[in-house]
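Next come the chains, spelled out residue by residue.
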Amino acid sequence: MVSVTLNEVRKAYAGHPVIHGIDLEIRSGEFLVLVGPSGCGKSTLLRMIAGLEEITDGTIAIGDRIVNDLSASQRNLSMVFQSYALYPHMSVRKNLAFGLGNLRMARPEIERRVAEAARILQIEELLERKPRQLSGGQKQRVAIGRAIVREPQLFLFDEPLSNLDAELRVQMRVELASLYNRLGTTMIYVTHDQTEAMTMATRIAVLNKGRLEQVGTPFELYNHPRNLFVASFIGSPKMNLLQAEVGADGRAELAGLGHLTLPAGITTRGKITLGVRPEHLVPGGSDGDLELPGKVSLVEYLGSEVFLYVLLSTGQTVLAQAPGNAPFRKDDPITLALRSDDIHLFDAAGLRLERAQA
Amino acid sequence: MEKFFRRNFAGYAFLAPWLIGFFLLALGPIVASLYLSFTKYNIVRPPQWIGLDNYFYMFQFDDRFKKALQVTFTFVVISVPAKLIFALAVAMALDKGVRAIGWYRALFYLPSILGGSIAVAILWRQLFDYNGVINAVVRWFGIDGPYWLSDPRYSLWTLIVLAAWQFGSPMLIFLAGLRAIPNDLYEAAEIDAAGPVRKFFAITVPLLAPVIFFNLVLQMIEAFKSFSGAFVISGGAGAPLDSLLFFTVYLYNEAFQFLRMGYASALAWVLLLIIALFTAIAFWTSKYWVHYENERG
Numbered sequence: 001m002v003s004v005t006l007n008e009v010r011k012a013y014a015g016h017p018v019i020h021g022i023d024l025e026i027r028s029g030e031f032l033v034l035v036g037p038s039g040c041g042k043s044t045l046l047r048m049i050a051g052l053e054e055i056t057d058g059t060i061a062i063g064d065r066i067v068n069d070l071s072a073s074q075r076n077l078s079m080v081f082q083s084y085a086l087y088p089h090m091s092v093r094k095n096l097a098f099g100l101g102n103l104r105m106a107r108p109e110i111e112r113r114v115a116e117a118a119r120i121l122q123i124e125e126l127l128e129r130k131p132r133q134l135s136g137g138q139k140q141r142v143a144i145g146r147a148i149v150r151e152p153q154l155f156l157f158d159e160p161l162s163n164l165d166a167e168l169r170v171q172m173r174v175e176l177a178s179l180y181n182r183l184g185t186t187m188i189y190v191t192h193d194q195t196e197a198m199t200m201a202t203r204i205a206v207l208n209k210g211r212l213e214q215v216g217t218p219f220e221l222y223n224h225p226r227n228l229f230v231a232s233f234i235g236s237p238k239m240n241l242l243q244a245e246v247g248a249d250g251r252a253e254l255a256g257l258g259h260l261t262l263p264a265g266i267t268t269r270g271k272i273t274l275g276v277r278p279e280h281l282v283p284g285g286s287d288g289d290l291e292l293p294g295k296v297s298l299v300e301y302l303g304s305e306v307f308l309y310v311l312l313s314t315g316q317t318v319l320a321q322a323p324g325n326a327p328f329r330k331d332d333p334i335t336l337a338l339r340s341d342d343i344h345l346f347d348a349a350g351l352r353l354e355r356a357q358a
Numbered sequence: 001m002e003k004f005f006r007r008n009f010a011g012y013a014f015l016a017p018w019l020i021g022f023f024l025l026a027l028g029p030i031v032a033s034l035y036l037s038f039t040k041y042n043i044v045r046p047p048q049w050i051g052l053d054n055y056f057y058m059f060q061f062d063d064r065f066k067k068a069l070q071v072t073f074t075f076v077v078i079s080v081p082a083k084l085i086f087a088l089a090v091a092m093a094l095d096k097g098v099r100a101i102g103w104y105r106a107l108f109y110l111p112s113i114l115g116g117s118i119a120v121a122i123l124w125r126q127l128f129d130y131n132g133v134i135n136a137v138v139r140w141f142g143i144d145g146p147y148w149l150s151d152p153r154y155s156l157w158t159l160i161v162l163a164a165w166q167f168g169s170p171m172l173i174f175l176a177g178l179r180a181i182p183n184d185l186y187e188a189a190e191i192d193a194a195g196p197v198r199k200f201f202a203i204t205v206p207l208l209a210p211v212i213f214f215n216l217v218l219q220m221i222e223a224f225k226s227f228s229g230a231f232v233i234s235g236g237a238g239a240p241l242d243s244l245l246f247f248t249v250y251l252y253n254e255a256f257q258f259l260r261m262g263y264a265s266a267l268a269w270v271l272l273l274i275i276a277l278f279t280a281i282a283f284w285t286s287k288y289w290v291h292y293e294n295e296r297g
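Line by line, the protein sequences are chains Z and X. So the first sequence is numbered by my numbering: it starts at 1 and just counts up by one. So the second sequence is numbered by my numbering: it starts at 1 and just counts up by one.
It should be emphasised that the hints constitute simulated quantities derived from the structure, not laboratory data. A couple of the hints might just be wrong.
[Claimed, not checked] Here are the in silico distance ranges between beta carbons for each label pair:
(1) X:Met92 x Z:Leu70: 22 to 30 Å
(2) X:Val205 x Z:Arg211: 40 to 48 Å
(3) X:Trp103 x Z:Arg211: 35 to 43 Å
(4) X:Lys287 x Z:Ser178: 53 to 61 Å
(5) Z:Ser178 x X:Arg99: 48 to 56 Å
(6) Z:Ser236 x X:Arg99: 41 to 49 Å
(7) X:Trp103 x Z:Gly315: 34 to 42 Å
(8) Z:Thr317 x X:Gly102: 29 to 37 Å
(9) X:Leu107 x Z:Arg132: 36 to 44 Å
(10) X:Arg139 x Z:Val18: 54 to 62 Å
Predicted model, so just to flag it, every value in this text is computed and none were measured. Glycine included, each C-beta is placed from N, C-alpha and C at the ideal position.
Please take these sequences and the hints and turn them into a complete structure.
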């Protein structure tokens, strides 16, 4: 187990910056997920940690050692690639043993480690097969197996589940989480899928356009997003955003929808954005601080719950979540209630407005 | 029947040039040469059937035939690997993101286009002449260069160098093959602590094997058939001391110098069988070293 420290790390391609000075401390034994939309630089950052991409500026330390000038193989880490990157001409056994052979490890030790990894990942019966004879899920296990035989101090995962179908992805997610619990090694995991990030991470780092937006536990990111980007990126379905203006009386006016008394301690004036998660818009509720009238435009039934797309009188559509047995149909008139304690407020620059601690 | 022809006339009309060419210029001469190989034929008199005598003579008494085989085998065994190694080395250098790669590709391919021509063979003769450019360069270092072309110890080597210099076409095929190897594999190998040599032998060579095999078969056939360079440089006779007596040069001599058309036809069929045999051997061994990505089983 080892910590990883990024200090003012920058990357530019031909003078065009893509990573703008990232400071990040990944604690020893932590499962950190780097999440963000396509092109945000998360894979580049991971590849810089791996040593596959040069660092333009700043330092990366693994443990106490600055690794800027060390090659990938000298960093004592393993990486699982999105494409799996299994050697197609080698059997599964040889794929697993390749790196160990390069380290000039004794043959009995190589065999022991391969057998152990195969047992953990339940791929013992696949050892003599070639990658082309494996299913996507099996290839994924072999790729993970190749990473764990090294017994590295750090695991890197680059979108390892994105080539799998939905069902398998959920299954592998659980297996990766249990593997993490079993090994306890520091892991850095890149994904664009916020559900993967939320379910597996001990901490999440949200990246956007080469900048770190927020680092925190899944709970912190969901309940206290630092800005509008994190608020709308984390959570599925997305947070509803409504425009409002705070008047001299300290109340927020939502154009055409009424007034809302802001929680105590918010003293801002002028334009703000009000965010509310779908589960906090209560259909037919009557104990809210604000009621939004509208019409159901679409119903998504998921069994245990139902998502209602509600067209408000202002023409904006919001999403509300209701229990699976809620009796709503398309075109039904509906009132959504929200409580001021459940809302997230962001200033005109998109930064979170924190209420004063009680 | 008539209706069928009327309906398909246009199709056959378009095919006609190829069909006429194939039957008249390819299949016809092939069949004729097979027949002639069992005859004594000097163009002037009609062919005279002698059965397998041409073949018996060839294998039992003809020392020049044996010499031609020896020269040709030596040329194939040395020039083909030399050319392929050179082509692969250049392809790997170009694969490393060189600027203006299109120009280099064209530049390196140029010798292959010119290579088979008489003009390049003549140029080669000038270069390797005792008073040629090569010896002039060697002289700068105070060495008196040998008679490259007229010394039997060196003459074949000049042709091997000429063959290796025509590396453009296998190089382009190698380059395409290298481009098809996913970069992920090299990165995975990098993390797996593989050095450049290990990466080459453990990743590049096995994944390039189908391309290497293709180039090997193609270049081997090409080398067996190699003619114009040896013909021009050896003055058309395989000189000096038959050291450049390529099989094709010997065949040409028998056919057009001594007008032994029957015997030359037999030589041509033996060359065909040799090429077929070596190609078959290459295919047979390929199952042990060529890995195909989309292969089942």
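Hint-by-hint comparison with the structure:
1. X:Met92 x Z:Leu70: 22 to 30 Å: holds, 25 Å
2. X:Val205 x Z:Arg211: 40 to 48 Å: Holds, at about 43 Å.
3. X:Trp103 x Z:Arg211: 35 to 43 Å: Hint holds: Cβ distance 40 Å, inside 35 to 43 Å.
4. X:Lys287 x Z:Ser178: 53 to 61 Å: violated, 42 Å
5. Z:Ser178 x X:Arg99: 48 to 56 Å: Between Ser178 (chain Z) and Arg99 (chain X), where Cβ atoms are some 49 Å apart, the hint holds.
6. Z:Ser236 x X:Arg99: 41 to 49 Å: At roughly 46 Å between Cβ atoms, Arg99 (chain X) and Ser236 (chain Z) fall inside 41 to 49 Å, so the hint holds.
7. X:Trp103 x Z:Gly315: 34 to 42 Å: This hint is violated: roughly 59 Å between Cβ atoms.
8. Z:Thr317 x X:Gly102: 29 to 37 Å: violated, 52 Å
9. X:Leu107 x Z:Arg132: 36 to 44 Å: Hint holds: Cβ distance 38 Å, inside 36 to 44 Å.
10. X:Arg139 x Z:Val18: 54 to 62 Å: Between Arg139 (chain X) and Val18 (chain Z), where Cβ atoms are some 56 Å apart, the hint holds.
In this structure, the hints that do not hold are numbers 4, 7, 8, in rising order.
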